Amino acid sequence: MLTAAESEALFLSLRVSLVAVLCALPVALGIAVLLSRIRFPGRSLVEGILFLPLALPPVVVGYLLLVTLGPREPAGAWLLAHFGLRFAFDWKGAALASGLITFPFQFRAMHLALRAQDPALRQAAATLGAGPLDRFLNLTLPLALPGIVAGAITAFAASLGEFGAIITFVSNIPGETRTLPLAIYSALQQPGGEVEAARLAGLSIALALLGVMLAGIADRRLRAALGG
Amino acid sequence: MTVEVALRHRFGNFALDVGFHVQRCGITALFGPSGAGKTTIVNAIAGLVRPQHGRIAIDGRVVLDTAARLFVPPELRGAGYVFQDARLFPHLSVETNLRFGWRRAAERADQARFAEIVGLLGLESLLARRPRRLSGGEKSRVALGRALLASPRLLLLDEPLAALDAPRKAEIFPYLERLRDMERLSMIYVTHSTEEVARLADEMIVLHEGRVAAQGPVFDLLSDPELGALVPSHGAVFPATVAEHRNDGLTAIAFDGGILLVPHLDRPLAAALRVRLRADDLMLAREAPQAISANNVLAAEVISVHAQHATQADVRLRCGNVKLVSRITRASLARLGLAAGQRVFVIVKSVTVDPQPGTPHDAE
Chain A
15 MLTAAESEAL FLSLRVSLVA VLCALPVALG IAVLLSRIRF PGRSLVEGIL
65 FLPLALPPVV VGYLLLVTLG PREPAGAWLL AHFGLRFAFD WKGAALASGL
115 ITFPFQFRAM HLALRAQDPA LRQAAATLGA GPLDRFLNLT LPLALPGIVA
165 GAITAFAASL GEFGAIITFV SNIPGETRTL PLAIYSALQQ PGGEVEAARL
215 AGLSIALALL GVMLAGIADR RLRAALGG
Chain B
10 MTVEVALRHR FGNFALDVGF HVQRCGITAL FGPSGAGKTT IVNAIAGLVR
60 PQHGRIAIDG RVVLDTAARL FVPPELRGAG YVFQDARLFP HLSVETNLRF
110 GWRRAAERAD QARFAEIVGL LGLESLLARR PRRLSGGEKS RVALGRALLA
160 SPRLLLLDEP LAALDAPRKA EIFPYLERLR DMERLSMIYV THSTEEVARL
210 ADEMIVLHEG RVAAQGPVFD LLSDPELGAL VPSHGAVFPA TVAEHRNDGL
260 TAIAFDGGIL LVPHLDRPLA AALRVRLRAD DLMLAREAPQ AISANNVLAA
310 EVISVHAQHA TQADVRLRCG NVKLVSRITR ASLARLGLAA GQRVFVIVKS
360 VTVDPQPGTP HDAE
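The listed protein sequences correspond, in order, to chains A and B. Sequence positions in the first sequence follow the numbering used here and run 15 to 242. Sequence positions in the second sequence follow the numbering used here and run 10 to 373.
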């Protein structure tokens, strides 16, 4: 049904997006928890910076990554030397770019879920003998779960469509960084590639639809499970 | 079981400056109008607020001492808390809510104890439900059970009945009475309701403008005319027992000063009761009244007369070993010429009787 190149692009897209979302999730959660607990001057500036990837042109994000983590840049060279982590022209670079671009989706959903929580419940848990970590794991986290899952699914769907940051940062290498949107772009560059482009576009639409439906089901299930 | 509290805390125009000891099992009411600082005090005992100055010790263990910069966090204080709004965890079933503190208790109660508390509070049929699907009264009972199952040394209750309507309140009262009488536990019970104090409390601390105005047994303080201005619808509260079910449909109840007749009470002979005679419900007569509709006329002696109010006066009376208080107008006071030591007759217009479900235990 799918050609080798098509399934390569499909599975690469899924892998890049999954890694992007899972790596950004703990970071977004940590920052969201800190921002919901600590009041400090300049908090709205910090929040604004966290939403910046959403407002910036993806090409600019890709460019910024290229000039910081490129193989000849100090930070990129350092990561390669000490951790063997190579981002430039590598699928991990695509995941990093996607994770960065879709970070605001995750952060925003978690931030709202945490802000909506009643601190009175944490007081009740404390009088029942639950310490700070216990309260976080058994109260804050489960109550924020619908927000966390909704944010992750939205970020995953958005990540599947990332183009500008990926092509700028890690180029368009078949099997390495050529995700579905890049494959569509490549097909359109070839004479007679319209059919191929249409097939890939159909695949993208099906994926997006599936994602949106999953998000709806997960949200209903979780809310029911949490007694909301 | 002792609780020692000394606090000074200022917020806005309000200054709290209180000191008291609680040295017994049973219910100590922290009584006062809204804004008297009651909730701030129990929150400070629980560790939910940090007072500016103060020292608090629970069972001899200092949990707060601002001079020594000591603050034990709430989870390590061993003080249970029943909040006015129940604060059940919405994502957990009733049973998991109940086990939340139980699982975390330093000395976890056994399974038999879990069953005992569930039975005591009538929660058997609710265990699988989510808090969202409970009525207000059911939520209160679950909150009570959850706090008790954490095996606290001290239980703080912040207006646990205030959010409930009268029928729901009536539903909870017997459970609280059972806890008071059957659990060896100190409870500090925040309320602004004279009715709740009269029905539930053994001892009371009266707060007025951020200070302790009085502390003592409920049986003494509720009939103390000096506190008449601070305790709305004050009156005498005293223990009694069922003496006889008469064939005219009345029940005779015996107290330490005589017999009162009340409409039929569905309680066995010798059952313990708590009787409340409001100051407004007692009329006084110099001579034995003849041919009147009231069932109860008691002989009493005037202890003292308190005419601090512009139009009304409180007369404190001794009837056997029980102290009563009657509120009459100053005009009546002048007409009757009442003074300490005089013999009078007390005409009782209305008697409030609260059944006491458990067997009272001795104070510790």
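FYI, nobody ran anything at the bench for these hints, they're computed from the structure. Quick caveat: nothing in here was measured; it's all calculated off a predicted structure. Heads up, the beta-carbon is just placed ideally off N, CA and C, and yes, glycines get one too. Certain hints may be false.
[What the hints assert, rightly or not] Some residues of chain A that are not near chain B, with every Cβ distance over 12 Å (derived): (1) 19; (2) 22; (3) 33; (4) 64; (5) 85; (6) 153; (7) 217.
[Said to hold, decoys possible] Taking CB as the label site, the calculated pair distances span: (8) B:280 / A:129: 12 to 22 Å; (9) B:61 / A:48: 23 to 33 Å; (10) A:239 / B:265: 55 to 65 Å.
[To be verified] With the Cβ distance kept under 8 Å, some of the chain B side facing chain A (calculated, not the full set): (11) 90; (12) 99; (13) 100; (14) 114; (15) 117.
How does the Cβ-Cβ distance of residue 61 (chain B) and residue 48 (chain A) compare with 23 to 33 Å: does it lie in that range? With a Cβ separation near 28 Å, residue 61 (chain B) and residue 48 (chain A) satisfy 23 to 33 Å, so the hint holds.
Assertion that residue 85 (chain A) lies outside the chain B interface [Cβ separation over 12 Å]: 48 Å, holds
May I ask you to check that residue 22 (chain A) keeps its beta-carbon over 12 Å from the closest beta-carbon of chain B? Check passes; 42 Å lies beyond 12 Å.
Could you check if residue 117 (chain B) really has its C-beta closer than 8 Å to a C-beta on chain A? With a closest approach of 10 Å, the residue 117 (chain B) hint is violated.
Would you say residue 153 (chain A) is clear of chain B, with no C-beta pair closer than or equal to 12 Å? Contrary to the label, residue 153 (chain A) does not stay out of reach of chain B, its closest Cβ about 7 Å off (not over 12 Å).
Have a go at the residue 90 (chain B) hint: is there a Cβ in chain A nearer than 8 Å to its own Cβ? With a closest approach of 4 Å, the residue 90 (chain B) hint holds.
Once the closest CB in chain B is found, is it more than 12 Å from residue 19 (chain A)? Given that every Cβ of chain B is farther than 12 Å from that of residue 19 (chain A), nearest at about 46 Å, it holds.
Do the beta carbons of residue 280 (chain B) and residue 129 (chain A) sit within 12 to 22 Å of each other? 54 Å, violated
Minimum Cβ distance from residue 33 (chain A) to chain B greater than 12 Å, as the annotation requires: 29 Å, holds
Against chain A, is residue 114 (chain B) within 8 Å by beta-carbon distance? OK, holds: residue 114 (chain B) within 8 Å of chain A, min 6 Å.
Taking the minimum C-beta separation from residue 217 (chain A) to chain B, is that value above 12 Å? 38 Å, holds
Look at the Cβ atoms of residue 239 (chain A) and residue 265 (chain B) and judge whether their distance stays inside 55 to 65 Å. Holds - the Cβ-Cβ distance for residue 239 (chain A) and residue 265 (chain B), about 58 Å, lies within 55 to 65 Å.
The earlier numbered hints that this structure contradicts are 6, 8 and 15.
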